[in-house]
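Colleague: Residue numbers (the working numbering), protein chains in the order written: chain A, 62 to 652; chain B, 12 to 444.
Because the hints were derived from the structure by calculation, they are not lab data.
Certain hints may be false.
Unchecked claim - List of simulated lysine-lysine pairs, PhoX-like, C-alpha gap at most 20 Å:
#: 1; chain 1: A; residue 1: 576; chain 2: B; residue 2: 204
#: 2; chain 1: A; residue 1: 631; chain 2: A; residue 2: 619
#: 3; chain 1: A; residue 1: 626; chain 2: B; residue 2: 231
#: 4; chain 1: A; residue 1: 631; chain 2: B; residue 2: 204
To be verified - From the structure, some residues in chain A lie toward chain B, with a derived Cβ separation under 10 Å:
#: 5; residue: 304
#: 6; residue: 358
#: 7; residue: 361
#: 8; residue: 362
#: 9; residue: 486
#: 10; residue: 490
#: 11; residue: 495
#: 12; residue: 627
#: 13; residue: 650
Yeah, the Cβ is synthetic: ideal placement off N, Cα and C, and Gly gets one too.
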Amino acid sequence: MTLKCAGGRWSICFKTTVSWRLRILVKQAGASVMGFGARILRWSVAVFTVAAVTGAMLQVLASARLVADEPVAAEQAADSGVSLAEFIDQQIRQGWTDNEIEASPQAADEEWVRRVYLDLVGRIPTLAETKAFLEDKNPRKRSLLVDTLLENEDYVRHFTTIWTNNSIGRATPQRVSRSGMEKFYREAFAKNRPWDEIVVDIVTASGHFEENGAVNYILAQMQMPDEGVQLTAMTTRLFLGLQVQCTQCHNHPFNKWQQDQFWEFNSFFRQVRKEEHRKLDPQSGRMVDDYSEVVWQEFTGPVYFEKRSGMMQVAFPKFQGHEVDPGPGVDRRVELAKLITEPAENEPPQIAQAMVNRMWSHFFGYGFTRPVDDMGPHNPPSHPELLARLSREFAAADYDIKQLIRWIVSSEAYQLTSQYGEKNKIDDPAAGEMPLFSHMYLKSMQAEQLYDSLIVASNAHQSGNGGWSAQEDQRRRWMQQFVVAFDNDENDESTTFNGTIPQALMMMNSELIEKACSVERGSFLFEEMSKPGADTQKITDLYLAALSRKPTKPEISKMQKALAKYGPAKLNGYQDMFWALLNSNEFVFIH
Amino acid sequence: MALWNNYGMNRRHFMQHMATAAATIPAMNFLSHVQANADVLKSSQKSCILMWMGGGPPTIDIWDLKPESKNGGEFKPIDTAAPGVQISEHMPETAKVFGDLSLVRSMSTREADHGRGRYYMQTSYVPNPTVVHPTFGSVVSYEIGRNRKALEIPAFVSVDGGAGQAGFLGMTHAPFVVDNTGRIRNEPSEEGKQRLGARLTMLEEIESGFMNSRRGELPKAHKDVYRNAVNLMTSNQMAAFDVAKADPTLGLEAESDAVRDAYGRNGFGQGLLMARRLVQVGVPFVEVNMGGWDLHAGVFDTLKNQRLPQLDKGIAAITADLKQRGMLDNTVLVWMGEFGRTPRINQDVGRDHWAASWSVMLGGGGLKNGQAVGATDKDGLQIADGSKAYLPGDIWATVAHAMGIPVNTVHTSKRGRPMKLANGGTPIQELIG
């Protein structure tokens with residue numbers, strides 16, 4: 062008997078799979094024999110129950126209740142009376158009231174414009190863009206700019222970078238196509254495809270790694286012959302916001318997921334196989350790497366796992382209480398894709414919650430849970446109602462990513478300055494406090510944001526660097542100096558970029574910074590220096606180009622004094638000034 | 012000669028060390044004639060070299076063999092210079108220097124996931140969403156590095172690493188990561204060096220406003236990191252990173268081919284050689300990474316043909332070299348990964364993640380070496396009856412003790428919470444004597 066969901070309608074199917082449903086508790090015994098067949102032989106059947114059959118029936122009852130509850134939940138959302146925009150602000154304000162703090166004032170346009178460019182399109186605004194925004198008198202100019210930026214090609218580029226890094230890491234693993242993965246996300250973000258469709262495409266992907274770039278996620282998570290363990294752990298973490306890797310070996314004391322659930326989820330991925338093709342290189346006459354692909358393989362029945370006690374257990378494909386036919390002819394990943402877009406009990410679908418949490422954290426530096434990908438009863442969110450409603454509305458809006466971004470970026474909290482005052486200095490998540498979003502938090506630029514921002518500041522983006530892929534290549538090569546791959550089955554890595562000495566050395570001495578401060582024809586400084594205008598004007602432009610703000614009067618006079626020391630070599634003075642602006646704390650943080 | 016007495020060591024003492032070393036290790040002399048006659052100015056400074064085995068090494072095949080068990084695998088144990096202590100037959104050179112090394116065979120840790128295991132083993136704390144704990148290298152940087160005024164390069168260097176974090180101790184105590192060639196990227200050009208002063212003056216003018224603008228600690232941390240970077244790029248101690256460079260004022264010679272060969276011409280070996288040079292110039296904590304231990308399949312072939320020969324050479328060389336230089340008593344060696352591996356051999360002839368019962372190696376540092384503390388049961392599945400189980404905090408407390416860091420030190424997290432050094436671990440009695 063199994064429960065199936067097709068086209069949103071529930072049906073109960075009876076199948077002759079009862080024998081598999083017998084929970085077999087087997088104890089490990091015998092010598093260390095290898096091979097799957099031998100492994101089964103080593104176990105002797107210890108206990109047999111029909112508990113699973115009863116369990117399945119109970120789940121049917123639970124699911125029936127769920128179907129009945131769904132419209133109620135939808136009504137509640139629609140009837141809450143306030144618009145979503147009001148609701149977001151209300152919920153955030155409630156946190157301020159409850160904690161007896163006062164929010165910081167709104168950020169000046171200068172602070173805000175730099176922030177929104179970095180967050181949305183992954184780079185600082187150009188001098189012209191900054192000036193245009195500051196001069197714009199339209200009272201709605203902030204929301205208009207958001208709309209414009211969401212249509213900018215750099216928006217696509219920025220979110221493609223983020224999700225490619227999330228999916229395959231920065232150090233591209235063996236036999237994985239980074240360009241394939243990027244192409245997939247580029248198309249997805251350019252067309253603003255619904256997030257649930259994107260996730261389903263990735264989870265169910267098959268085929269050639271450049272023809273269907275979505276497969277690269279799976280290829281990257283299958284670097285070791287680990288029975289899909291890493292793929293299981295990463296998929297729940299990235300797309301469902303749940304950390305279950307610990308439950309692989311044992312029940313976790315604080316996590317709702319139990320060990321059998323880990324393996325039930327894992328069993329959805331056992332029909333995945335990767336094939337790595339090689340080809341003859343006619344020039345060298347040797348075999349070289351060709352393409353990789355994800356192909357379907359027959360897999361029926363349960364997976365086996367070992368309890369801490371040494372007992373072996375079985376797990377069948379099952380997600381959030383919904384069981385999938387473990388028999389032949391069922392594409393388990395297709396079934397999983399249907400299930401992960403379903404609401405869990407009374408809550409919005411987990412993929413919606415996971416994305417909302419991540420997206421909020423993208424803009425504020427902190428999500429509703431910390432870390433963003435460890436949600437669940439053991440780690441309650443800071444603003445549960447807000448998270449729930451945003452997630453529900455995100456799902457109801459057909460998982461429209463741009464709409465989700467608009468909701469977040471239009472919120473009152475996103476407009477605030479990053480300076481805190483006496484009344485809200487306790488709102489300091491960097492010290493471990495729960496974020497109250499009463500002022501913007503500083504974020505460190507990601508390496509790619511810094512690279513792109515340096516390119517913008519130095520005008521290099523206008524000297525025609527040969528299209529998307531050439532630029533991507535250059536940035537990727539540059540990026541590799543900061544990436545350390547750990548070479549294990551979790552495929553994890555770290556970067557030495559986050560505010561450490563290698564980053565400082567790069568900012569002070571690299572070719573990139575040298576170029577940014579160069580006075581060669583076509584560079585920003587060349588243009589600036591060739592223009593007529595007083596020092597005050599030039600100093601102002603340098604500040605605007607690097608920091609997106611005008612210098613204060615005291616700053617102008619300080620800079621004038623500093624320049625005077627250079628005597629006739631004033632050009633050097635400007636170069637050093639620009640060097641210092643780009644190396645300043647104000648440049649490297651998103652504030 | 013006055014300096015000698017200040018540092019509590021004299022030439023005769025030094026030469027005696029030499030004599031013993033020569034007697035036990037006839038194979039390799041790490042000291043050139045010049046070095047043998049040089050002052051050992053810094054030899055009383057305490058240091059730690061962490062050999063980090065990323066991926067989780069199968070200690071059951073290296074340090075705690077079970078030849079009688081079905082879990083025993085393919086390798087045989089051999090005797091070592093330490094009476095009664097046996098290790099893998101594929102560690103013959105290390106076996107010879109085992110009088111200066113020790114094992115803790117009863118590690119029982121709880122994290123069997125790479126990220127969490129790494130965090131736990133390196134900080135002694137399990138991951139917690141509201142606080143980032145410092146790795147022990149950062150603790151040493153904070154406790155010892157800050158007081159080494161003559162040290163111009165970072166007090167915590169990681170060779171081929173990068174996972175460690177300074178947490179609430181602040182970015183200035185984060186590891187400085189280099190690759191095993193010691194190449195420092197983005198060193199300044201000559202012109203860059205000349206203009207540095209003027210540029211930094213300008214920078215000071217520009218960033219002070221933002222620093223005082225009530226935006227938290229990050230802007231200040233940025234400035235501190237820059238100060239460290241400037242110190243580094245203008246220091247002659249940078250020579251320590253480059254094994255081909257000599258600097259007589261620092262007691263550094265260009266390493267001969269023979270020495271480089273002895274450590275092994277691989278990332279781990281050359282990283283250890285660099286570590287010795289860094290310790291010579293006064294760096295109190297160096298981490299050297301060796302990866303490739305996540306052996307879910309083909310564990311024995313990989314160990315026998317790739318991992319263990321490199322490991323064996325590297326450990327034997329660093330131990331003997333430090334000893335010959337009279338530096339071993341002041342340098343603690345620690346060898347560990349995020350966890351051990353399953354005693355049970357899987358269907359791919361691999362071993363999976365296992366944190367319940369495994370081994371860590373320690374050495375040097377004036378510890379009572381040449382012994383194995385603790386034991387696992389006959390199949391390696393759990394800590395043997397009557398044997399004490401140890402946590403990472405106990406290892407780091409032992410290291411702290413050896414380095415002269417008070418074990419009852421308490422740090423304060425940003426939120427004002429007291430954080431005990433090594434999570435309140437206790438030095439292992441058998442090792443500190």
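Colleague: Are the hints correct? Go through all of them and say.
Modeller: Tested hints:
A hinted pair counts as satisfied when its Cα atoms are at most 20 Å apart, and residue 576 of chain A with residue 204 of chain B qualifies at roughly 17 Å. Taking the CA atoms of residue 631 of chain A and residue 619 of chain A, the gap is about 15 Å. The hint holds against a cut of 20 Å. Between the alpha carbons of residue 626 of chain A and residue 231 of chain B the distance comes to roughly 27 Å, so the proposed pair goes past 20 Å and is violated. A C-alpha spacing of about 19 Å is found between residue 631 of chain A and residue 204 of chain B, which places the hinted pair at or below 20 Å, so the restraint holds.
Among the interface hints, the one on residue 304 of chain A holds; its C-beta lies about 9 Å from the nearest C-beta in chain B, closer than the 10 Å criterion. Taking 10 Å as the C-beta cut-off, the interface hint given for residue 358 of chain A is violated, the closest approach to chain B being about 17 Å. The interface hint given for residue 361 of chain A is broken, as the beta carbon of that residue sits about 19 Å from the closest beta carbon of chain B, more than 10 Å. With 10 Å as the threshold, the beta carbon of residue 362 of chain A stays out of range of chain B, its nearest partner Cβ sitting at about 17 Å, so the hint is violated.
Annotation: residue 486 of chain A was flagged as interfacial toward chain B, and the flag holds, the nearest CB pair being 8 Å apart, inside 10 Å. Taking 10 Å as the C-beta cut-off, the interface hint given for residue 490 of chain A holds, the closest approach to chain B being about 9 Å. Taken as an interface hint, residue 495 of chain A checks out: its beta carbon lies about 8 Å from the nearest beta carbon of chain B, inside 10 Å. Residue-level restraint check for residue 627 of chain A holds (minimum Cβ-Cβ distance to chain B is 8 Å; threshold 10 Å).
Against a cut-off of 10 Å between C-beta atoms, the interface hint on residue 650 of chain A holds, since the closest Cβ of chain B lies about 6 Å away.
Going through the hint list in order, the structure does not satisfy hints 3, 6, 7 and 8.
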